[in-house]
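Q: Generate coordinates for the entire structure from the input sequences, incorporating the hints supplied.
Numbering (full-length UniProt numbering), first residue to last: 1 to 276.
Derived by calculation from the structure, the hints in this document are not laboratory data.
Each residue gets a CB set at the ideal place from its N, CA and C atoms; glycine is no exception.
It is possible that some hints are incorrect.
[Claimed, not checked] Using 20 Å as the maximum straight-line C-alpha spacing, the simulated EDC-like pairs for lysine to aspartate or glutamate come out as follows:
(1) K146 - E163
(2) K173 - E163
(3) K60 - E79
(4) K196 - E163
(5) K50 - E96
(6) K108 - D95
(7) K19 - E32
(8) K82 - E32
(9) K196 - E172
(10) K19 - E69
[Unchecked claim] Here are the computed distance ranges between Cβ atoms for each label pair:
(11) V145 - T22: 27 to 35 Å
(12) V145 - E32: 31 to 39 Å
(13) A71 - E96: 37 to 45 Å
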Amino acid sequence: MASDEIIWSTIAHQFCAYKLKTPKEQAFCRNEYNVTGLCNRQSCPLANSKYATVRERDGKLYLYMKTAERAHMPNRMWERIKLSQNYAQALKQLDERLIYWPKFLTHKCKQRLTRLVQVQIRSRRIALQEQKMGEKIVSTLAPKVKRREMTRERKALAAAKLERTIEKELIEKLKSGVYGEQPLNVDEKIWEKVLKGLEAGGEVEEDEEEELEDEEKEDGDVEYVTDEELDAEELADLEDWLGSDEDMEEDDSEEDSSEEEESGDEDGKGAGSKRK
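A: Spelled out as structure tokens, the structure:
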């Protein structure tokens, strides 16, 4: 199309945000949809209204296709098709989808698919090695370097085991009272570790004894505890209820006193009538 030629003339001779120039004549393209990564007329995704590429998203491979019929809809410009995890079936899908497309794009899409599959296989292999060794691997090592590192690891483990056995023997001899208060021909660092281990062991034993004593006490003890804390509203209701009881008692006392007064008056009247 004419617009493609205009776009490419602008990109090639003026300015492009995706262009990465090098000291050599070749320039690279940083656009994520570029099928080759090179800045040229055939590989430019901006200067080609009909374009196709393969991309990875969330560990899955997709075929992206752009046509001139959807150029007026930016939100639907790219058609995304999920490719199979099987390499042979994915190549077959590319042949079916790009049967009438330029051979350059078909070939480059297949090359890009092959490279992305290789990267996925390599990443899985590195992840398995990390799980086995328990460490992150930056890059694969040469066989000679790998053997040397494994030899160093074995020697380090042997030295660590030797140091632990020495510590155990020192602790056993110290408990038996062979050295007295402090041994003379022992490294100070190892001796400090031994003392710290003994202190920690004594603290653990004391804590265990205290816990056992507490458990023995708790078995037969009877405790009286307060009820759950009442809310402010519940306290107010309780006070109102208590106040209503007191009012009722006062009313009852007043009624009793009034009844006594009335009975006294009636008795007085009856006595007066008898005197008459």
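Q: Determine for every hint whether it applies to the structure shown.
A: Hint check results:
no.	hint	result
1	K146 - E163	violated (26 Å)
2	K173 - E163	holds (15 Å)
3	K60 - E79	holds (16 Å)
4	K196 - E163	holds (16 Å)
5	K50 - E96	holds (17 Å)
6	K108 - D95	holds (12 Å)
7	K19 - E32	holds (12 Å)
8	K82 - E32	holds (17 Å)
9	K196 - E172	holds (14 Å)
10	K19 - E69	violated (27 Å)
11	V145 - T22: 27 to 35 Å	holds (32 Å)
12	V145 - E32: 31 to 39 Å	holds (35 Å)
13	A71 - E96: 37 to 45 Å	violated (24 Å)
In this structure, the earlier hints numbered 1, 10 and 13 are contradicted, and the remaining ones agree with it.
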